[in-house]
Each structure stands twice: as C-alpha cells, then as structure tokens.
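K.L.:
Start counting the sequence shown at 1; every next residue gets the next number (our numbering).
Just so you know, the hints here were simulated from the structure itself, not pulled from any lab data. This structure is a prediction, so every number in the text was calculated from the model and none was measured. Take the hints with a grain of salt, since some may be wrong.
FRET-style restraints, in silico, Cβ to Cβ [stated by the list, open to error]:
| # | residue 1 | residue 2 | range |
| --- | --- | --- | --- |
| 1 | 223 | 307 | 31 to 41 Å |
| 2 | 294 | 39 | 15 to 25 Å |
| 3 | 60 | 13 | 25 to 35 Å |
List time: in silico DSSO-like cross-link candidates among lysine-lysine, alpha-carbon distance up to 27 Å [stated by the list, open to error]:
| # | residue 1 | residue 2 |
| --- | --- | --- |
| 4 | 38 | 17 |
| 5 | 182 | 17 |
| 6 | 38 | 105 |
| 7 | 105 | 57 |
| 8 | 301 | 182 |
| 9 | 17 | 57 |
| 10 | 8 | 105 |
| 11 | 17 | 105 |
| 12 | 38 | 182 |
| 13 | 182 | 105 |
| 14 | 8 | 38 |
Beta carbons: idealized from backbone N, C-alpha and C, even for Gly.
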Amino acid sequence: MRTFQFDKATDTEQALKAAGAEQAMFLAGGTTLLDLVKLDVMQPERLVDVNRLPLNKIETLSDGRVRIGALVTNTTLARDEHIVEHYPVLSQALLSGATTQLRNKATTAGNVMQRVRCHYFRDNVSPCNKREPGSGCSAIEGDNRSVHAVLGTSEHCIATHPSDMCVAMAAIGATVQVQGPKGEREIDFLDYHLLPGDTPEREHALQPGELITHIVLAAPLADSRSAYLKLRDRASYQFALASSAIIVRLQGDRIAEARIALGGVGTKPWRATEAEQALRGQPATEDSFRRAADVAMQGAKPYRQNAYKIPLAKQAIVRNLQTLTGAVA
1 MRTFQFDKAT DTEQALKAAG AEQAMFLAGG TTLLDLVKLD VMQPERLVDV NRLPLNKIET
61 LSDGRVRIGA LVTNTTLARD EHIVEHYPVL SQALLSGATT QLRNKATTAG NVMQRVRCHY
121 FRDNVSPCNK REPGSGCSAI EGDNRSVHAV LGTSEHCIAT HPSDMCVAMA AIGATVQVQG
181 PKGEREIDFL DYHLLPGDTP EREHALQPGE LITHIVLAAP LADSRSAYLK LRDRASYQFA
241 LASSAIIVRL QGDRIAEARI ALGGVGTKPW RATEAEQALR GQPATEDSFR RAADVAMQGA
301 KPYRQNAYKI PLAKQAIVRN LQTLTGAVA
C-alpha cells in the first residue's frame, strides 16, 4: 500500500501552499484521479482537497462571456438556464457523457484535467509512454479500435482525449484561468491540451503547483444555432467513437460563420478551423457539408483497427450540419 499526505484547503492560497510539495495533486470530484490512484497509475505524494474553495458559481460577465467556477459540477453546468439557452452545444455535450451519478460528482476543472482512457495506459503493465516515457506505445500495433485517435497522433502516443465537455468548449472558445506560485494567468482553451509529440506524458499547459480556478466561455455567437452529436457503440455511458460540436450562423441560405470541433478522433479536443473556413459563404447544402468534412479530416492517420473513424467523423459533421441548418439530404 502506498501512503500519501492528505490536506484540506479552505481558500486558494492555502491550497497552493499545501501543493508546494513534489507530486502533490488537487482533489475535487475525483472521478478520474481516484480511479487512477487505485490502479497505481498515478502515485501522488500529497492530495490537496479543494472542495471547500469558493469556486462553485456560474457568472455572466458584463461583456457577455460566462465565467464557470472550477468546482461547478457537470450536472449543475448542464442544467443551468443560461447555458441551456445560450450554449446548448455545451449542455448537450455534458449530458451525453458518463452517468447521472458521475455528472453529479465530476467538476468543470476535473473534466478539463481528465486523462486518457487508453487501456494500455490504465493497465499499469503494458509499455506506455504516458505512464513511463520511453517505454513505447502498445496501442500503435495493438488494440486501437475505440479510444485511439487518427488526428494529432505521434509515434509515441495515439490515445484520444475522452472529454465531451471539452469538445464543446473548443468550439465555443474559452480561456482557462489558473493561479499558481507565480500568480494568476490565462491560457487559451485551444492551447491548454497538448499534442503528444515527443512528450506524451505532458498532457496540459499547467505548470507545477498551478490550480485551475475558472473557465471563461466566449460570448455566444449572435443569431447562431449549436448542437453536439456523439456517435458511439451504445447509447449510454460510452466514450465517443466520433463526435462533433458545431455552432453555425446562417445568412439567408448560406453559412455566414461556423465553428467545428471534433471528439473521439483527436489526441486533444480538435478544432477544425480549415473546415470552418471552407464552409464560410457556402450554400447550406449537403455538398458543402461533405466538402468541409473532407477538409476537416485531411491529414488523418488511421491505424490497424480505427480507419473507420475517418468516414465516421465526416458523418458526424455532415449530419450535425444538416440538423442545424434544416438541409435536406
């Protein structure tokens, strides 16, 4: 049995001071962290309980943005009236993930911090560069059908990022507000999650000792429609094989603006900016949607068992756009 120090913090300063120890981790809902500690995949020397910090509010700012406290639960965020009305893509994404019990416990910051669901990472036996840098990636030649990516991969890791919420936030646009030993700073949401590259053990842009305090959503795109479409093996409690978070604004029968993010196919929440550009000014037709979907998946690299994800992701884009625009197939 491994031992660790357990501290409870009542304010941010106390939490940061307690986390000064090497290998300290912050504990909120624990829906990922505690699982990985039990599996001996994560081995903290100190856990700092932050549940008493005053970070559980959802606030609408004067410029139209929304600031979400790190400890707001997934259920609270998904059911918030302002979120449902102005960010339906986010509410839908949250409600498509996990079970009610897990959503009641999981927090906004914890969702952003959650780690990959690759079985080779979690079994604590197989070679895995995330768990033990330099040991190799078992998934590349192994079982890579469901939770492995075709976008943003490297020779060192091909695991997908598992979050639905983060895909919606990538489409909306957001910043991650953090506080640490060097003070406060903001990280653009699209820069927060890192591609595996040569350092797959580094999954996010946080520095040691930093704590997420808020996620700030960009102001809603005026006169827009949005939706989250998740394709999976079964209809409940399953990670996406491919998903799309899309926000679109029409001008007559043409696409004035579109924001597209993909889940289940990338090593991080994947913003398809080139596909957005391909849609701008185009008629809202299936042909336009298919061309944009092709652009979104340019550069995708399939592996032995997951080549099907490329056409599936294209389908997730086309179907979502058809629903949002009312285009007839």
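K.L.:
Of the hints given before, which are not true for this structure?
P.N.:
2, 8, 12 and 13
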